[in-house]
Amino acid sequence: MAGTEPAAPASAAAAEFLLRRHRLRPAEALPWLIALGAYFAFPDYMALGTQILITILFALSLDLILGYAGIVTLGHAAFFGTGAYAAGLLSAKLGWSEPLSGLAVAGLCAAAVGFVSGWVLLRYRGLALLMLTLATAIMLYELGNARADLTGGYDGVTGIAIKPLFGRFEYDLYGHTYYLYALAVLFVLFMVARRIVYSPFGQALIGIRENVRRMHAVGSPVHRRLVTVYTVAAAMAGVAGGLFAQSNAFVSLSALGFERSATVLIMLVLGGTGRLYGAFLGAAIYMLLEDSLAKLSPEFWEFGVGLVLVLTVLFARRGLLGLLEDAWRALERLWR
Amino acid sequence: MSFAHFLSVAVGILLDGLAYGMVLFIISVGLSVTMGLMGFVNLAHGAFAMAGGYVTVSLMTRMGLPFELALVCAFVLVGAASVVFERLLYARLYRAGELDQVLLTIGLVFMAIAAFTYVYGPSPQPIKMPRYLTGSVDLGFRTLAAYRVFMVAVGAVMVAALWYGFERTSLGAKIRAAVDNRRMAQSIGIDVDRLFSLTFALGSGLAALGGGLAVNLMGLTPTFAIQYLVFFLIVVAVGGPGSVKGAVAAALMLGITDNAGKYLYPDGGAFFIYAATIVLLLVKPAGLYGRD
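Going down the list, the protein sequences come from chains Y and H. Residue numbering for the first sequence follows the numbering used here, beginning at 1450 and increasing consecutively. Residue numbering for the second sequence follows the numbering used here, beginning at 17 and increasing consecutively.
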C-alpha cells in the first residue's frame, strides 16, 4: 500500500490536467464570434464568406490526418471532389434536392472512397504513400474526365438545385442563408473533430505520428486507427465538397485537381498543423488575401505564396498560430 | 485495316512513345538518383527542366545560338544555378520529414511558375529547329518525323553515357555505394554531402537538357513545372529511386503507354496509367529496381 499512496495524488493531477486541457476555453469562442460578426458587418461578402467556411472545413479534415496522425498526403482533393460530385449529381441527375441529406450522401460517398483507399494505402509509408495518394486523386480526376457524359468533363455539372433548408429557409441572391448553413455545418463537424483529437483515440494518433514503431510495440492497432481517422477525415472533406457544390450550384473537374490538394495543404501549414484552429486561421487569411491580391497581380500573388511557404518551412514550422504563441510568451516574459 | 497500315500505325505510335519516353528519362533520371541518395522529395525538379527550356529558347532567339549549343549552355547554367538552391535551401532539410521537403519544393515551384510567367508571359514559347531536324526520314513504307528519330538517338546516347558513368567510373561507384548504404559509404571516407551536391547539379543539368529537348515535343509554358511533375514522379517511383535502369524502363513504358493510350483510347487512356501505377506500387512499393 505504501507504494501506491504517492501515486494517487499524481494521477489525480494528471486527470485534472487532461480534463483541463480539453475543456472549452473562453478564447475558443473567438472564431465563431468573428464569423457571426462578419455576417452582420459584411452582408455583401457572404459568397466569399461561405467559400472561406467551406475551405476551413476542408483544411480541418486535412488537419485530422496530417496534423494529428502524421499522414502526408498529396491527394486530399479526392475526397472533396467525390463529395462535391456526389451532392451535385444527386441533385442534377437524380433530382434529389434536400440539402442536408445531400450533404450526408456526399460525406458517405467520400468516406467510402476514403475507407477503401485508406485500407489499401495506409500500409505504406514515405515516397510510396506520397505517390499513391497523389495517383489515387489523379486517377479519380481522369475517371471524371473519361466519364464526361456523367460529369460534364471540364464544363462541369450544371443544373444543381437545392430546396429550402428544412423546407423553410429560402436562399437569397447574396448567400446569407448559405453562410449560416455552412457555419452551422462547420460548427457541428468542428465539435466532432475536437472530440476526436482529445479522446484516447486522438492521443493514439499523436503517438503514431511521433513514433509509429513504439505504438506497434505497445500493441496499438496502428493500421486500424489510421484507416479510421482517414475515413472520418474523408467524410468531412466530402461534406465540405458537398457544401461547395450546393452553394455554387456547379461542380467541375477542378474540385478533384492537384491544385486543390496542394492549396489546402499550404493553407493548413501556414495556419499551423495539429492544432485545429490552424485550419481556421490559414484558410481565412489565405482566401481573404487571395481575393484582394490575386486580382491585382496573379503572378505576384503566386510568387508571394511560394515565398511565404518557403520561409514558413525554414523559420516558422509551427505556422502562424505558432508565431502568435511565441509572441504571446515573449510578451508574458516581458511583463514579468 | 490492312497489315501494312497496321504496321505503319504501330511504328508511328512506338516511335512517338519512345521519343516521349526518352525525354521523360533524361528529365527524371536526376530526380531518381537524388531521391535514392538522400531520400529528398524534390517536387521542384520539373522547375529545373522548365528553366532549361526557357534558357534554350532565350539563347536561340535573343543571342542567335544554334540549338545544340543552347542545349549545352542550358545544361551548364541550370546545373550550376541548382547548386545554389541545394546549398542554401535543400541542405537544411535533409534530415527533416517528407512534409517539410514537399512544402519547400512546392513553394519553389510556385515561385518559379510566377517568375517565368512574369518574364515570358503565359503563352507557349516558339522554337525554331535547325533544318535537319524539321523534315522527315523516309523508311520506304512510311516516313518518320526527323525530330522524333533525333530524340530517340539522343536518348540512347544518354542511356549509354549514364550507364558507363554509373557502372564504370569511380564517381558512379561512389554514388551507387552511397545509394545502397549512406552510412557505410560515409564511414569508408566518401564525402556524401559533396557527392550529393555534385549529383544534384548533374541531375538538374540533365533535367534542363531534357527541358530544352522537350520544347519541340511537349511545348513550353510556365506551367510545365507542374504539368508533367506527376509523370517525372511516376518514373522515379515506378523505376525505383536511385536506379538508372529502373528510370529507363519506367520512362520508356510510360512514354509508350501514354502515347498509345492517347492515340487508341483518347478519353480514358490516362486513367489506366494511374491505375497501373497504383497497382505496381502496391505490389512493389520500392519500385521495379528499387531497394526495400
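Among these hints, one or two may not hold up.
What the hints assert, rightly or not - Interface residues of chain Y toward chain H, partial, derived using beta-carbon atoms under 10 Å:
1) PRO1475
2) LEU1570
3) LEU1578
4) ALA1595
5) MET1736
6) GLU1739
Said to hold, decoys possible - Footprint (simulated), chain H over chain Y, 3 or more residues, beta carbon under 8 Å:
7) 1489–1500
8) 1549–1560
9) 1586–1592
10) 1688–1696
Claimed, not checked - A short list of chain Y residues far from chain H (calculated; beta carbon distances all over 12 Å):
11) LEU1467
12) ARG1572
13) ARG1574
14) LEU1579
15) MET1580
16) LEU1583
17) ARG1596
18) ALA1597
19) ILE1645
20) LEU1737
21) ARG1766
22) ASP1775
Since the hints were made in silico from the structure, they are not lab data. Where is the CB? At the ideal position from N, CA and C, for every residue including glycine.
Status of the hints after comparison with the structure:
Among the interface hints, the one on PRO1475(Y) is violated; its C-beta lies about 32 Å from the nearest C-beta in chain H, farther than the 10 Å criterion. Taking 10 Å as the C-beta cut-off, the interface hint given for LEU1570(Y) holds, the closest approach to chain H being about 8 Å. Hint status for LEU1578(Y) relative to chain H: holds, with the closest Cβ pair at about 9 Å, below 10 Å. A hinted interface residue such as ALA1595(Y) counts as satisfied when its beta carbon comes closer than 10 Å to some beta carbon of chain H; here the least separation is about 4 Å, so the hint holds.
The beta carbon of MET1736(Y) is not positioned within 10 Å of any beta carbon in chain H (closest approach about 16 Å), and the interface hint is therefore violated. For GLU1739(Y), the interface hint is violated, the least distance from its beta-carbon to any beta-carbon of chain H being 13 Å, above 10 Å. Residue count for the segment 1489–1500 of chain Y with a Cβ under 8 Å from a Cβ of chain H: 0. That is fewer than the three needed, and the coverage hint is violated. Residue count for the segment 1549–1560 of chain Y with a Cβ under 8 Å from a Cβ of chain H: 0. That is fewer than the three needed, and the coverage hint is violated.
Figure legend: the segment 1586–1592 of chain Y, annotated as covered by chain H; annotation consistent (4 residues with Cβ-Cβ distances under 8 Å, at least 3 required). Counting residues of the segment 1688–1696 of chain Y whose beta carbon lies closer than 8 Å to any beta carbon of chain H gives 0, which falls short of the minimum of three for the stated coverage. The claim that LEU1467(Y) is not at the interface with chain H holds, since no C-beta of that chain comes within 12 Å of its own (minimum 28 Å). Under the 12 Å C-beta cut-off, the non-interface status given to ARG1572(Y) relative to chain H is violated; the minimum distance is some 9 Å.
The Cβ of ARG1574(Y) does not lie farther than 12 Å from every Cβ of chain H; its closest approach is about 9 Å, which violates its non-interface assignment. For LEU1579(Y), the shortest C-beta to C-beta distance to chain H comes to about 6 Å, within the 12 Å cut-off, and the non-interface label is violated. Not every CB of chain H lies more than 12 Å from the CB of MET1580(Y), the least distance being 4 Å, so the non-interface label is violated. With a least beta-carbon separation of about 7 Å from chain H, LEU1583(Y) fails to lie farther than 12 Å from that chain, contradicting its non-interface assignment.
A beta-carbon of chain H comes within 12 Å of the beta-carbon of ARG1596(Y); the shortest separation is about 8 Å. A cut-off of 12 Å between C-beta atoms contradicts the statement that ALA1597(Y) is not in contact with chain H; the least separation is 7 Å. Taking the minimum C-beta to C-beta distance to chain H, about 21 Å, the non-interface status of ILE1645(Y) holds against the 12 Å cut. Distance check for LEU1737(Y) against chain H: the nearest CB is about 19 Å away, which clears 12 Å, and the non-interface claim stands.
For ARG1766(Y), the shortest C-beta to C-beta distance to chain H comes to about 7 Å, within the 12 Å cut-off, and the non-interface label is violated. Chain H leaves ASP1775(Y) outside its interface by the beta-carbon criterion, the shortest separation being 19 Å against a cut-off of 12 Å.
Of the hints listed earlier, those the structure fails to meet are numbers 1, 5, 6, 7, 8, 10, 12, 13, 14, 15, 16, 17, 18 and 21, in rising order.
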